[in-house]
Amino acid sequence: MAVAQFFSKLIPTDLFAGLRVTGGYFFKKKETVQFPEQRKEPADRFRGLFGYDVNRCIDCHLCARACPINIIFIRDHAEYEEIDGKKKKKLIVDRYDIDVKRCMFCGLCQEACPTEPKSIWLTTKTYEGANYERNETLYFTKERLMSWDGIRAYPGVVPPDHGHAPGNPTGAKTGGGEAA
Amino acid sequence: MHAALIQFIVIPVVKIAVILGVVLLVVAYLTFAERKILAYMQVRLGPNRVGPKGWLQPIADGLKLFVKEDLIPAKAEKAVFLLAPAMIMIPALLAFSVIPFAPATKLFGLLPKAIPPYVTDINIALLFVLGISSIGVYGIILGGWSSNNKFSLMGGLRSAAQMVSYEVPMGFAIIAVLLMARSLSLVQIVKAQQAAHLWFFVPGILALGIYFICGVAETNRNPFDLPEAESELVAGFHTEYSGMKFAFFFLAEYTNMLVVSSLATIMFFGGWLRPFPNVAWLSFLGVVPPVIWFAVKVAGFIFVYMWFRGTFPRYRFDQLMQVGWKWLIPLSLANLVIVGAGVLLVKG
Amino acid sequence: MGGPLEPLFDVEEMELSFGPQHPSTHGVLRVMLKLDGEKIMDAKPIIGYLHRGTEKLFETEPFPQCIPHTDRLDYVASATNNQGFVVTMEKLLGITIPPRAAYIRMILAELGRISSHLVWLATHAIDLGAITPFFYNFREREEILDLFEAYCGARLTLNTMRIGGVPFELPDGWVDRCSDFIDRFPAHVDEYEQLLTENRIWKRRTVGVGVISAEEAIEMGLTGPPLRGSGVKWDIRKVFPYDHYDEIDFEIPVGTNGDTYDRYLVRLQEMRQSARIVRQCLDKLPDGPVIAKVPKVLRAPEGMVYASVEAPKGELGYFIVTTPKGTKPYRCHVRPPSFINLQALPEMVQGLLVADLVAVIGTLDIVLGEIDR
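Chains as they are written, first to last, in this note's numbering: chain A, 1208 to 1387; chain B, 121 to 468; chain C, 768 to 1140.
For the record, the hints were derived by calculation from the structure and aren't laboratory data. Each hint should be verified, as a subset may be incorrect.
[Said to hold, decoys possible] Derived DEER-like restraints, expressed as beta-carbon distance ranges:
| id | chain 1 | residue 1 | chain 2 | residue 2 | range |
| --- | --- | --- | --- | --- | --- |
| 1 | A | Lys1296 | C | Phe1007 | 49 to 57 Å |
| 2 | C | Met1071 | A | Lys1237 | 48 to 56 Å |
| 3 | B | Lys198 | C | Leu775 | 27 to 35 Å |
| 4 | C | Glu909 | B | Ala180 | 25 to 33 Å |
[Said to hold, decoys possible] Here's a subset of chain C near chain A, in silico, CB distances under 8 Å, partners left out:
| id | residue |
| --- | --- |
| 5 | Thr821 |
| 6 | Gln832 |
| 7 | Arg906 |
| 8 | Ala917 |
| 9 | Cys919 |
| 10 | Ala921 |
| 11 | Asn926 |
| 12 | Pro934 |
| 13 | Pro938 |
| 14 | His955 |
| 15 | Leu962 |
[What the hints assert, rightly or not] As a list, the in silico DSBU-like pairs of lysine-lysine whose alpha-carbon atoms are at most 35 Å apart:
| id | chain 1 | residue 1 | chain 2 | residue 2 |
| --- | --- | --- | --- | --- |
| 16 | B | Lys446 | A | Lys1235 |
| 17 | A | Lys1247 | B | Lys184 |
| 18 | B | Lys198 | B | Lys184 |
| 19 | A | Lys1235 | B | Lys173 |
| 20 | B | Lys198 | B | Lys270 |
| 21 | B | Lys446 | C | Lys1060 |
| 22 | C | Lys806 | A | Lys1216 |
| 23 | C | Lys970 | C | Lys1051 |
| 24 | C | Lys811 | B | Lys195 |
| 25 | C | Lys858 | C | Lys1000 |
| 26 | A | Lys1235 | A | Lys1216 |
| 27 | B | Lys195 | C | Lys823 |
| 28 | A | Lys1294 | C | Lys1063 |
| 29 | C | Lys858 | C | Lys1063 |
| 30 | C | Lys823 | C | Lys811 |
| 31 | B | Lys188 | A | Lys1237 |
| 32 | A | Lys1216 | C | Lys970 |
| 33 | B | Lys173 | A | Lys1216 |
| 34 | A | Lys1296 | C | Lys1060 |
Using N, Cα and C, we set each Cβ at its ideal position, and we do this for glycine too.
Hey, can you work out the whole structure from these sequences and the hints?
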């Protein structure tokens, strides 16, 4: 018994089991994704950079209120116009700023948005926002939110002012209305 | 006079230059090989951006290390700190002066008479290699001590203990080979294997195992890489080194791997001999130059080194000592007795 | 040895500041060590390098908006953090969640547990010198993160549960993808075991290292694998079932010796059990809504509530105090498992070597985001 134990210690089968695993993987297909050339396509719900559409925005401030770290700043004013003899109040968004460098991409603003389709959304598949000047280039006004000035969009994705809407990042016309 | 000049100065200088160049290049590419092999075992691709398929990576690494800022800690023992990298690199390279890569050759008829491609063949070559490689440990100890860093110091101390305990079984394993070859000259050891019609790893399989394990420990490689155990000692003895001095430590490790693998090839796998050197119908294998056979065998050992690194966890310091003293030394002694008895029986 | 010998030289203990910048302190843990050679005479963990005031932040946020902040406690298993908070809030508000929501939560939490344990195994192995399991583990973790991404759009900080249920319906094909992964997963665990479990070096590094007895473990309030490794069958999912864990059949793996090796085995078994739970949840997944009717603005009654969930690291509890009709927590205390497990460190490393300290930090599976909050 002790002798058998001695020899089993001498011949390290336990070590060979490990060597077999690593040696086997030596010949298997590799998992590496060669990043700039190959990209994993983000999922449809991937929370990427903001898309914003000022035309759909009803200026309800729900997104700003839903934001856990208060990085959405909205300034607006009311304009009154006469439609069919009635005075109607219309809210105009003067500023819609997002301090993207502080954003944690929780997606609560998108969930809070009551318009249909959403006027603020994160399903843009775009994630390359690294910049040298974070205070300038990662602070987004409403124009930059729509044009994505200085951000590299995910290949095929177009900025909102080129027709990008939630659920349709390429901006392709899909016949019927845009689906949320 | 003229002939003597050629024989004693020109030829050795050329040989040394060529061997030094080749060895350094091979060592540089060993780093690349290691990264590639580890990557392939770890389901990734490894470096493949610099040059075609990443083949210029070692050059880029070298350049990077060369132009990096060379820091010397304020409280370091400066002279020793500067000396240590040289003390580990020079002995590692010196060992190559006696390692026979191939038999005397006319270089396809280019030379008037056959010249051995190795620098020299001294009759105590094996002792020389062992002695010279033991000096390397001073580089580690002094480097660790002079950095004035606690992690470095611990790395250096571990290394000292490790080297001392693993030299002993390594020596015993080598004695087994000496008994079979009856010579300390590395060239004679290869020739003895040719004459015996047998590579020594068959009778000396245990000796080979012990030698290789000790070799792994001597070169501070996983699973015995305690002196630089990254997850414990940050970077061990070379924590404070940067730039080219770090590169020296780094390259010396690979050079030592090459030395250990070369010695293993020479002592146990017939050096430059082709497989089954005495089987006539395999003589077509002789077309391949001997130096290629040598390189292939060495590469096999190097691969095993990297395979180990890719697979095993690291021993703890005290366990390393246990393995050395409680297992390897008794085993190598027993092996010595067995081989000695075998040699007596066979040769009478 | 005989009696204590008079030392020939002056002997000093070496003080070593292990961390906060160190490859194997799993973040920014700092351990002040007193060393005799390599032997640890005393170890004192120093924390606070990652303090972000999360508990104070909770006091400024309406209840639903606390959830993204909980992601950042134990950032390698954020699903269970979300779960802990929403379970506590539901207990306070008396909300019953739809069964489908509960099942989706369990799937997410168990996937999170697997991914957390994969990170643990990867880092633990790399701490002990085995670099390759890291890559295999992260390959599987990648698939889990892809599943998370497909479900809620984020990979690490999920923010994937809401008070009253979960925010989204499962996307098309998600169940098939998930069950495909779960079916393949146990084979991968076998692979890790081949690399490590029987490996003599691995065993020598872990067996008998960092032993803690069941009594000590209970006394110190350890939970999770460090407690179960000592043989105590304690799992919040079994003893105080939340969501629908009582409908699921699974076992609680326990160890016997309370050493690093047993905790390693326990966690590997837990991965298999988690895969089993996910499998059952996918099979039983009921139909129906994924979120209960919850008012847009949550107003809590005055009171205090404590509820806990079994996070990968142990019992994760939230203690919330509310004011009448308050929309924000008056006070929210988090009981982080890592923080309480960490206090066993000095006991466990006493008299061991520096190399073992690394093993013990690894086996406690601490996440500094949770310790410092």
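Unsatisfied constraints (hint numbers, rising): 5, 14, 16, 21, 23, 27 and 33
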